[in-house]
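Student: Can you make the complete structure from the sequences, with help from the hints?
Residue numbers (this note's numbering), protein chains in the order written: chain A, 1 to 443; chain B, 1001 to 1404; chain C, 2001 to 2420.
Any given hint could turn out to be false.
Below, in silico cross-link-like pairs of lysine-lysine (DSSO-like), each with a Cα-Cα straight-line distance of 30 Å or less [what the hints assert, rightly or not]:
| hint | chain 1 | residue 1 | chain 2 | residue 2 |
| --- | --- | --- | --- | --- |
| 1 | A | 424 | C | 2191 |
| 2 | C | 2191 | A | 395 |
| 3 | A | 431 | B | 1336 |
The hints are simulated quantities; they were obtained by calculation from the structure and are not laboratory data.
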Amino acid sequence: MNRRLFLSTLAFAPALPAAGETILIKNAKILTVTKGRIDGSLLIRDGKIAEIGATVMAPAGAVTVDAAGGFLMPGIVDCHAHVGADAINEGTISVSSMVRIEDVLAPDDIQIYRGLAAGVTTSNVLHGSANTIGGQCSVVKMRWGKTATQMVFAGAKPGIKFALGENVKRAGGGTNFSATLRYPATRMGVEDVVREAFNDARAYQRQRDEYQTRLAKGERVLPPRRDFKLEPLVEVLEGKRLVHAHCYRSDEILMLLRAAEEFGFKIRTLQHGLEAYKVAKEIAKHGAGVSTFSDSWSYKLEAYDAIPYNAALCMKAGVLTSLNTDAPVTQQRHLLQDAAKTQRYGQLTDDEALSLVTINPAKQLMIEDRVGSLEVGKDADIVLTDKHPLSLYAKVQKVFVDGEVYFDREQDIRERSLRSARRKALSEKLKPAPPPAQKKGAR
Amino acid sequence: MLPSGNIVLRNGLIEAVGESVPIPAEAFVVEGAGLQVYPGLIDALSTWGLPTGPVRPAAAPAPGPTPATPAVLEQRIQTLDDGGPEERPSNTSWVRAADLLDPRLPAIAAARNAGYTTAIGFPGTNVFAGQGSAYNIAGTRARQMVIEDGVGQMITLPVRGFGGGFPGSLMGIISYVRQIYADADHYKASQALYAKDPRGLPRPPYDRALDGVIASPRLLLPAGRLVEIDRMIRFGQELKQPLVLYGGAESFRGAALLAAVKVPILINLRWPEAERDADPFVKDPLRVLETRDLAPSGPAALAKAGVKFAFYSGGVERPADLRKAIKKAVDAGLSKEVALKALTLYPAQIFGLDNRVGSLEAGKIANLTVIDGDLFDDRAKVKFTIIDGVKYEPAPEATPESNR
Amino acid sequence: MRRLITAAAFAVATIAHAENFALRGVTIHPISAAEMPNAVLVVTGDRIADFGPKAAIPKGHKVIEAKGLHIYPGMIDSASVLGLSEIGSVRETQDIAELGDFNPQLRTMVAVNPGSEHIPVSRANGITSSVVVPAGGFIGGQASIMHLDGWTWEEMTVSPSAAMQMRLPSQEATVTGRGLGTGRRPFAEVKRRYEEQMQQVRLFFEQARAYQARKANPVLGFKPELRLEAMIPVLEGKTPLMIVAAKERAIRDALAFAEREKVKLVLAGVREVDPFLEEIARKKIPVILPDLYQVPLEEDASIDEPLDLPAKLANAGIQFAFGSYNIERPRNLPFQAANAVGNGLSHDAAMKALTLGAAEIWGIADRLGSIDKGKFADFILTDGDPLEPKTQIRQMWILGKPVSLENRHTKLYEQYKKRL
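Tutor: Structure, rendered in C-alpha cells:
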C-alpha cells in the first residue's frame, strides 16, 4: 500500500531513498549508545543495520547519504505517550483492562509526525491514568502514513496500564465531573482495587483450568464465559503481559510492588514514579524499571517532592531508568532535551543521558534486540542531527524507520509553502456561497 | 433502459416490463408518455417513520450495596462491582425498527414526495442500537409496510466521556461490542449443550440482549475517516460477522481497502461541510478541507474499485435536498447509471432484498418512482410514486412546527 | 500616597549583608559589550565597581580565583507567577487571579511568598529577577519586578509597578475546558458577548480618563478611587499595558486598542504574529515571548512553531524577552532560549533577551541586565554556556551578595543519595 495513503493527497516528489533500498550513510559521527562512538559510515540493508565502521564499502546499487559530519544516533523510544490514538481513557470504571489502545490507533494523528520529526521512532502508546487498572497499551513504530496495523511494533510484548494516586481517586473525592462517586477515594482503596482484581483473575484462571481438566476427563461441562476484563490480568499473572504503572509517591510505589509480589507477578515499569528516588533500593530489588519526567514538578500535590535528579538517582541505584513524555503532556520534540537535562541535574555522561531515551526504554519494553542502539542486525531506526544530539542547538535532519526515510527536514521545509498554498486555495473554493444579493432596484 | 415501454402492475407486484408488453384489458392505465420511470428509490439507512432519539434510556449500572453510607450518597457511589459489559448497558439489540414504525410521522410523506418508496430504518442511538427493518413508506399500518423485519444490527458510537457509565470511550465501546459477541457465542454454545440434555447442567440465563445480536443477519459499523474504515473492517472481520459500513466521508481514500475485502458501504448524503455559525477566524486544517472537497468523489472511487455502496439520508434534514446531494457525487465523476443503482438495486442487494425490490422486474414489489425528466436533473420533478401498486401524488408537506 | 515605597529603598535594605570582593581569571560576558577573557570583576557593596582585563582590585576586597569560569549577568524572567503559585492543582496555593473584571489597583509584589520553594529552584539555573504578572478578568493588576532573594517581599522588590496586565475580551468560539475536551459555542453568541465586553472595557478607560481630569481639578469633597487612580500612570504613558494575546485576532485587537487609547503597549504571549511583524517593529512595541514549551498552535503549523518565533521577531527588528508564565517553567528559561538558538536566533540575541533586552523593556536597564559599572551586582558564575544543560551554574550573586543555589530539589537529592 502507498505509504502516503493516510496523508494529504498532495503529490510531493521526495528525492529520498525508497523503502527497502540499500543505503550507505557516510561521513557521520555515530553514537551507538552501547558501543561507544564511531566516526565513519553506517550501511542499511533490508531495513536493518548491516555494517558500522570507519570505512564501509558501498555495495553496488546502494544509495549514499552524506551526513556532512553530523551525528547518527538510535531512534528515540518513548516509553509513555498518548499519541496516535482516537481515545485515551475509559474513565468510567476502576478496572478497564478490557479496553485496547490497539483498537483505536489513529495513524493520521499529526502528533506522530511531530514526534518523528524530533527523532522518536518508537512509542509505547498508553491508556490514560483515570483508573487503577487501565487499558491495554500498544507499542508502535512511528510509521507516519501507514495503516494502524502497519504501525504496530510486531513482536513487542503486550502491556497494560495501571495508575495510582490522585488521578484514580479523584472521582471518589467529591470534586469529580460525574454524578457518580467512584471507588476508590483513597490510596488504601487503590490497593484494594488492585488486589480484588487479581483475586478475581486468579479465580478466573482456576475456573478455566478446571474446565480443561473436566473436559479432558470427558465430563459434560459448559465452557466458562470469556472475560475480556480478566484475560489480560491472567496474562499478567502468567508473565505474558507487562505492567506499566503510573505512580508518584514512594508509599504507593512500595504498595504496588508488594501487592504484585503477593500475587506473584512483576511490575515492569513505574511510570513517572516521581518519588522513585526515595525507594530506589526497593524498586531495584523488585526488578521494576522507572520511566520518569525530566523536570516536571509541583503541578499537583503528589508531584511536590519530584526532583530532576530522579533519573540520575534511580540509575545510580541500579534501576533500569528511562525518560518519557506522556505526550501531549510534555512533548516528544523535547525528549532529547529532557535527556540533556540529566547532565545538569546529576551530571550523567553522554552515553548515560542518551540511554535514557534509547536503549533503556527499549529494554523496559523488551524490544532491545530490535531497537535502542546502533548495532549490526538491529532495525535501521536512525536519527541524523547536525550537532551533538544532547546540545539544545542540534536539529534533527533525517529520521529512518526500518531503513526508510520517514522524516527529512529539507523536505518538510519545502512542503510548508505548498501546503499553505493548497490550504488557502481550498478554503477559497469551499467558502460557503454568500446569501444572494438583492437586485438593484428590486422592489 | 427502455426509451419507451409499458409496465404492468397487479396486486401490488410488477407483472411485466417491456417495450411492447400488452396492456391487460382490465388494467387502469396511467399515461407515462414523456415521463421517466425508475425503480422506487431506497434510503439505505433511515429514520423515516421512526421516533427519533433514544429508544429507551440505557440501564444505569446498579449501585452495589454500601451499608454504612447514607442512602442518598449510596446512590452515587460506584462500588467495586462497577457494572461493565456484563450489565449490558446501552443495548437494545432486540428492538426492531418494524416495531417502532409510525406511518403518521411527517417524514414519510416528505420522503415519498422526494421520490422514495422504501427505507431501511434503524432504531435508536444505543451502542447496540437495534435491528434495522426494510419497509415501504406508504400505508396506514406498520405491519403492512414492512418488507423484512430484521436486516441487521446497527452499532453506534455514543462517546460520553467519564460521566455516563461504561462504556464512555471509543475503545470502551469497541471492547464492549467484542465482549457481547463473545458472550453471544458462549450463549449459543451453552444453549446447544443444554438443549441436547439439560440434566446435570446449569440453566443458561435468558438474555434478550444476546438473542437480539444472534438474530441479526449482518452488522453495521460506522466509519467516516479512512482510519475508521480500516479499523472497522478489521473489527468486523474479528467478530466474524457479515459486515456493512456506514458513513463513508473518506471513501475516496478507502475504496481500495473496501474492495480488497469486498465490504459494502453506505454513504451518508450529508457531505462534510463547514460548521454553520462557525468562527470565521478558525482555519480548518488541510486534512479537513481535503475531505470536504473530495468527499463527493468517494462514490465514483468506490464504483471504479468495484465496491458495492448505497446512499442514505443521514443528516440531510429535508428529503427534497437528497437529489441535490446525489448530484454532487455525479458531478464528481459517478456515472448516472451507478448512482441510480446506489439508490435502488445496491441497497436491496446489500440487505438481501433484491428478490423483492431494487429493480423493475416481473415478480418484484410494485415500487416505482416517476419523474418528468432525468432523476439527476435539478429541474425535473417527481410526478408520483407507486408503492405496493398504489399511486401517490406529491402532497403538500406538513411543516415541522405543526407536528411538535 | 500609594507609591511611597520606591525601588531605591528596597535596594538599600540588603547592602549591609554584602561583602566587597573581586573575581579573577574569569571570562566576562557583559552583554552590553563583547566578551572579555581572563578578566577581573570588582564588586563593591551591591554594585559592580569595575571590570575588565586590567581592572584594579581595591583594598579590602576579598579575591576569588575563578580561572576558566564565566560571568554572565543574572537572567530576567519577563512574565512569571513566581511566589504567587505553589502547587498547580491546589487552589489554596494560587494567588494569581483575583475576582472581578477590572483590578488595576492590585500589585503582585505584596503577594509574593518569599518562602516559596519555586524561588530557589528558579535561581539554580541563573534567574536573578522576575517580572511577576497577575491574571484574571480584563485588567489583572500591576506586574512587579522582584529580585529572587530577600527575607521579605519588600527586600525583593526591584520595581513595584512595571506594567499593567491586561487581557482583552476574547472572540474564541472554541473553548477547551480542563479535562473536559473541546467545546464550541455558536459564533454569533460569542461575538455578541465580545462586543458587550469590549464596550465595558472602553467604558472603564473612559471612567479612568474622567477621573484623571477630576483629579487634576479637584472639587470640594473629591474622594480618591483606588481602582481609577491606579490607571493614571497607564493613561499618562508611564506604565505600559501588558496585553496578553496569542492568536492573530487577539493581537490585532491589542494593537488597535493601544492605538485608540494612546497607551504604551507591551505584547505578551504572542503566537500568530506574522501579519503584524512590520507594524510591531515600526511602533517599537516590545514583545514578551510565550512559554515556548507549547505544542504547535494548529495541526498545519510548522513543526518548529513556536520555537522559531524568537528568530522571526529578531529578524523583523522587534525587541523581545523570555517569559515563563507557568510556575513550573522559570528554571527552563535558559533552555527555551537555547531552543530559540537551535531554531535560528543568534546566541547573542538570546542572551540579550534574557538579560539586558528584558531590562530595557521594563525600564530598569540603568540598574540591571548587563555587567556594567554602577549596575546591580546580579550575576552568575558558570563553567560554560549557561544555555546548555551540560553547563553547571557554580555561583550566583544578587545585589553583590552570594546567593545559595541550594533548593528543595538539591536538598532532597542530597538527602536520598545517602539512602542508595
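Student: Could you run down the list of hints and mark each one as holding or not?
Tutor: Quick rundown of the hints versus the structure:
1. Between the alpha carbons of residue 424/A and residue 2191/C the distance comes to roughly 24 Å, so the proposed pair stays at or under 30 Å and holds.
2. Of the pairs offered as hints, the one joining residue 2191/C and residue 395/A is violated, with about 42 Å between alpha carbons and a cut-off of 30 Å exceeded.
3. A threshold of 30 Å between alpha carbons decides the hint, and for residue 431/A with residue 1336/B the separation of about 27 Å falls inside it, so the pair holds.
The earlier numbered hint that this structure contradicts is number 2, and it is the only one.
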